[in-house]
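Peer 1: Go by the hints and put chain D onto chain H.
Chain order of the listed sequences is H and D.
Each residue of the first sequence is one higher than the one before, counting from 1 in this note's numbering.
Each residue of the second sequence is one higher than the one before, counting from 1001 in this note's numbering.
Note that these hints are calculated values from the structure, not bench results.
Do not take every clue at face value.
[Claimed, not checked] Covered stretches of chain D, as calculated for chain H (at least 3 residues, CB under 8 Å):
(1) 1016-1025
(2) 1092-1100
(3) 1162-1172
(4) 1217-1225
[Said to hold, decoys possible] Think about it this way: if two alpha-carbon atoms lie no more than 35 Å apart in a straight line, the pair counts; the simulated DSBU-like pairs of lysine-lysine are:
(5) H/Lys76 x D/Lys1219
(6) H/Lys49 x D/Lys1095
(7) H/Lys32 x D/Lys1185
(8) H/Lys32 x H/Lys49
(9) H/Lys76 x H/Lys32
(10) D/Lys1095 x H/Lys45
(11) H/Lys49 x D/Lys1185
(12) H/Lys29 x H/Lys76
(13) D/Lys1064 x H/Lys45
(14) H/Lys32 x D/Lys1219
(15) D/Lys1219 x H/Lys45
(16) D/Lys1095 x D/Lys1219
(17) D/Lys1064 x H/Lys29
Here the structure is a predicted model, which means the values were calculated and not measured.
All C-beta atoms, glycine included, are put in the ideal place defined by N, C-alpha and C.
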Amino acid sequence: VVENFARFFAHESCGFCTPCRVGTTICAKTMKRVVTGQGTRRDLKDLAKVSQLMRATSHCGLGATAGNPALDALAKFRPSFDARLRSLDVLPTFDLDEALAPAREATARDDAGSHLDQEAT
Amino acid sequence: MTASEPTAPTSGDRPTFLLDGHDVPFDEGQSVLTAALASGTFIPYLCFHPEFTAHGSCKLCTVKVNGRNHASCTTPARAGDVVESNTPELNDARKTIVQFLFTEGNHFCPSCEASGSCTLQAMAYELGMTTPHFSPLFPDRPVDASHPDVLVDFNRCILCELCVRASALVDRKSVFSLAGRGITKHLVVNAESGRLADTELSVEDAAMGVCPVGAILRKRRGFRTPIGERRYDLHPVHELAVAHKEEG
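With the rest of the complex left out, here is chain H:
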């Protein structure tokens, strides 16, 4: 639900003021990461920070309220956010093993040595 809201606001932003133009886009991207299980604790922190900033400095009501769904959901349903995170620690926002998939395909390899251990990196 929150991701849908985030996408909606990023789509509806007029682009006049910086906080809303960039903030809604960052929120939508961050929420997508969280929903697809790629999020980290830092993403949730950023989500709250960006939402607060939009509320404080946006030019109009769209930006000022765009962060509300995320802020309210974070305040009331924090455990369901945490459950979707990759890890509660800091992790790269980029899946290294996934990035190696084309290389594995090209070399026709799928053995253990061709996979990166994400938890170790």
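Peer 2: Then chain D, alone, in the frame of chain H:
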């Protein structure tokens, strides 16, 4: 600045408002930002220019007026208002906004010929920004080098609309405008072909001189000024902004 009674918001015959605990005198019609700059107090800004009507889009100059956030460039100064500007909360918000601008465009300071004279870069230093923090969006914005004397690098545009205003209001040519909405908002060239070569833009135009970043550049001028003598090498941005206002 003359000290006056906090209860009587005037300085001589001019009305005053309170900015971070100091009385700031202003004239009728001045905004919070122009009055502050005129009195020697710096408020960070990017899309504002003393010669043009305030735009209020970058939101860097956001201040707290009587407890509510406003863009100080578009907020008229009112006698007796209590304005907060130089607070950790507002400066942190400003830093994040500058990070947003770095995230949104393609800003590579080390290879940019505006480096050292760039207001975005200077503002980032001023606000203590060390990284863009957010994942860059890496937009695809081709450069327009079609004009014989001018290069426009849309990658570095921060959508302040100063060139749009200068070209329309001073040069009367309307060479630039902003198109699109949301994150796809971008600077465009007003020509059938969309190419700079097909406009009447010339290097003497006011639009050439207002770009705060390295988006609108004169060709064959890159890296002429040695490091150490560039605009913000000589004076930090807060000194220049205040001095510029006093000249104007």
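Peer 1: Give a verdict on every hint.
Peer 2: Here is what the structure says about each hint:
A stretch counts as covered by a chain when three or more of its residues have a beta carbon under 8 Å from one of that chain; for the stretch 1016-1025 of chain D and chain H the count is 0, and the coverage is violated. Here's how the stretch 1092-1100 of chain D fares: 4 of its residues keep a CB closer than 8 Å to some CB of chain H, so the rule of at least three is met and the hint holds. Closer than 8 Å: that is the beta-carbon criterion, and the stretch 1162-1172 of chain D has 0 residues meeting it against chain H, so the requirement of 3 is violated. With 0 residues bearing a CB less than 8 Å from a CB of chain H, the stretch 1217-1225 of chain D misses the requirement of three and the coverage assertion fails.
As the CA atoms of H/Lys76 and D/Lys1219 are separated by approximately 56 Å, the hinted pair breaks the 35 Å bound. As the CA atoms of H/Lys49 and D/Lys1095 are separated by approximately 12 Å, the hinted pair is consistent with the 35 Å bound. Among the hinted pairs, H/Lys32 with D/Lys1185 is consistent with the structure: their alpha-carbon atoms are about 22 Å apart, no more than 35 Å. Of the pairs offered as hints, the one joining H/Lys32 and H/Lys49 holds, with about 17 Å between alpha carbons and a cut-off of 35 Å not exceeded.
For a cut-off of 35 Å, the pair hint linking H/Lys76 to H/Lys32 stands: about 19 Å separates their Cα positions. With a CA separation close to 16 Å, the supplied pair D/Lys1095 and H/Lys45 stays within the 35 Å bound. Proposed proximity of H/Lys49 and D/Lys1185 is supported: the alpha carbons are some 23 Å apart, at most 35 Å. Of the supplied pair hints, the one linking H/Lys29 and H/Lys76 holds, its CA atoms being roughly 21 Å apart against a limit of 35 Å.
For the hint linking D/Lys1064 to H/Lys45, the alpha-carbon distance of about 24 Å falls within 35 Å, and the restraint holds. About 42 Å separates the Cα atoms of H/Lys32 and D/Lys1219, which puts this hinted pair outside 35 Å; it is violated. Using a Cα cut-off of 35 Å, the hinted pair D/Lys1219 and H/Lys45 is violated, with the two alpha carbons roughly 44 Å apart. Straight-line distance between C-alpha atoms of D/Lys1095 and D/Lys1219 comes to about 32 Å, which keeps the hinted pair within the 35 Å bound.
With a CA separation close to 30 Å, the supplied pair D/Lys1064 and H/Lys29 stays within the 35 Å bound.
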